[in-house]
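Trainee: Read off the chains here:
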Amino acid sequence: MALRSIYRGLKKNNLLSPLCNSCSHLHSHSTSFGYKEVREEEKSQMVGNVFTSVASSYDLMNDLMSGGLHRLWKERLVSKLNPFPGMKHLDVAGGTGDVAFRILESINNVGRRAMRDIHDDNVLDETQIFVCDINPNMLNVGKKRAQERGFGDNKSLVWVEGDAEALKFEDGSMDGYTIAFGIRNVTHIEKALAEAHRVLKRGGRFLCLELSHVELPIFKDLYDYYSFSVIPALGELVAGDRESYQYLVESVRRFPSQEKFAKMIAEAGFDKVEYENLVGGVVAIHSGLKF
Amino acid sequence: MYRSAARRILPAVCRRTGHFRSKASPVRFSAPIIHPAAFSEAAASENARNHKPNNFEASRISSSSSSSSNEGRKPRVTDRPKAHWQEEQARVLQASLRHVISLGWSDAAMIAGAREVGVSPSIVGSFPRKEAALVEFFMDDCLQRLIDIIDLKEDLTNLIPSNRVAKLVRIRLEMQAPYISKWPQALSIQAQPSNIATSFKQRAMLVDEIWHAAGDESTDIDWYVKRTVLGGIYSTTEIYMLTDTSPGFVHSLSVVDFRDTWAFLDERVREAFDLKKTVQEAKYLAEAVGAGMGGSVQGFVNNLFKG
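Protein chains in written order, with UniProt numbering: chain Z, 1 to 291; chain P, 1 to 307.
Some hints could be false.
As the list claims (entries may be wrong) - Derived, one-sided and incomplete: chain Z residues facing chain P with beta-carbon distance under 7 Å: (1) R71; (2) N82; (3) K168; (4) F169; (5) G172; (6) D175; (7) R198; (8) G203; (9) G204; (10) L289.
Stated by the list, open to error - If you want the ones that stay clear, here's a sample from chain Z, every Cβ over 10 Å from chain P, calculated: (11) S57; (12) G176; (13) I231; (14) P232; (15) E250; (16) D271; (17) Y275; (18) S287.
Think of the hints as simulated: they come from the structure by calculation, not from any bench. Bear in mind the structure is a predicted one, so any value in this text is a computation, not a measurement. Ideal Cβ positions, reconstructed from N, Cα and C, are used throughout, including at glycine.
Based on the sequences and whatever the hints tell you, model everything.
Mentor: Below is the structure:
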């Protein structure tokens with residue numbers, strides 16, 4: 001509500017137009033913020049605001065909205081990734097650390113420990129999982145959760161504040177790159193994909209877990225009803241923020257379809273691009289290989 | 001049927017790669033299949049083949065071309081940096097085979113293989129069924145090596161068919177001998193529900209290849225019977241080999257292991273061939289009995305209805 005009124009006010013007073021005029025020489029694009037069209041520079045600001053306000057109840061809302069299924073989706077993502085000891089992994093937009101914790105647990109789990117030999121123990125210390133997020137509030141929530149889970153002092157977990165479109169990591173330094181429920185918030189998806197391609201090593205994998213398009217006839221209607229009626233209401237009830245969850249639901253609809261996104265990933269330079277639909281297309285895991 | 005398909009695809013691929021092997025294949029394909037489909041006759045088709053001196057590249061190149069993902073093959077490994085990801089995957093798998101003996105058919109072997117080739121071990125996650133991909137690669141590789149050996153060997157024609165079959169099965173099983181300590185693991189991987197379709201197909205191709213090399217020209221139900229029987233023989237011998245600890249003996253400069261396995265194999269093949277004759281004789285007997293019986297049964301039924 002607040003966001004919309006501010007925006008409208010600015011527009012009315014033509015305070016935006018000098019900005020617009022100068023900017024129109026640089027970017028004449030607008031991008032989508034849910035169903036609204038906004039200027040590109042503003043999108044990241046507005047997304048930032050959304051996540052600042054939802055950070056504290058982010059995990060609870062995830063559980064409520066997906067009925068706990070988001071845990072299974074993240075498990076599937078991590079098992080597809082197949083982490084190994086000594087891995088250098090980057091989890092982008094991974095603010096609260098869900099995926100990163102799972103990867104760390106998978107590498108350290110008892111089953112693996114039984115099969116290890118001396119060489120592996122040394123390699124294990126080289127494991128590094130970078131959690132990158134543009135929003136410091138989300139990172140703080142993540143650090144707190146790490147503390148609760150006992151990963152507080154784990155040197156393998158590194159929290160980095162950064163932008164998916166301009167990563168501060170070196171070329172070819174990562175074995176794996178994941179982005180879970182984050183890429184639709186990025187202003188220029190192609191840039192994020194190009195950055196992912198840049199930081200991955202040869203043989204490195206790109207994995208993206210994202211809410212996607214449902215095409216099954218009856219299920220689609222049910223899903224639409226659930227998204228537009230239930231979720232914003234839940235947002236208001238639980239997090240006290242209807243607007244943000246309206247944005248969330250709308251941004252899912254505006255995101256490219258599975259096929260289109262797969263093409264974008266292939267254009268960024270990845271090989272063997274494939275996607276797997278979960279729950280009939282509500283969620284899709286896209287994967288690509290870099291050579 | 002798989003064989004002819006493979007034969008059609010392989011020359012097309014090999015021609016592009018300039019692989020010498022292709023010279024042998026088209027000749028093979030045109031070998032007269034018009035020979036009478038007699039079970040125990042020595043097929044003359046083997047004689048029709050002219051053996052050119054084949055220049056082999058590393059078998060992994062042929063194996064990657066024989067694997068099921070044949071469509072859209074790009075020009076050779078030498079075209080770096082345009083390395084196609086399938087070739088890269090094949091290279092990783094080839095390197096992983098060297099670690100199987102110590103690490104088993106597992107993720108660890110594939111990770112070690114990837115490190116050896118200089119590729120990030122993340123690639124292991126991109127194989128759809130991980131360890132199964134390694135086992136299947138090995139099976140394809142062995143099949144390709146078997147085909148190469150068949151193309152080379154001339155002395156198969158001097159043997160009677162049962163010996164030919166036994167020899168080919170033996171050659172194939174000997175390829176597994178280095179991995180025998182970890183082979184039970186490979187078998188269990190192949191038996192898993194998600195992998196069983198592919199492993200069945202690979203075995204079917206193998207058995208088809210062996211029969212074709214042994215000169216089988218049958219086109220009726222015999223085709224299926226023979227392949228099923230040989231499939232059974234192959235599997236039982238393979239499993240026998242797992243527990244065979246018979247010592248090697250020196251046989252003209254080479255040490256031959258698994259003596260008991262080969263004896264077992266010879267017995268089974270001989271039995272199968274004998275069974276064919278037995279089945280034939282049993283059929284004749286049944287016909288004769290039936291002819292004799294028919295008359296008396298007819299008479300009996302007539303009496304029944306009359307009375």
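Trainee: Which numbered hints turn out to be false for this structure?
Mentor: Structure breaks hints 1, 3, 4, 5, 7, 12, 16 and 18.
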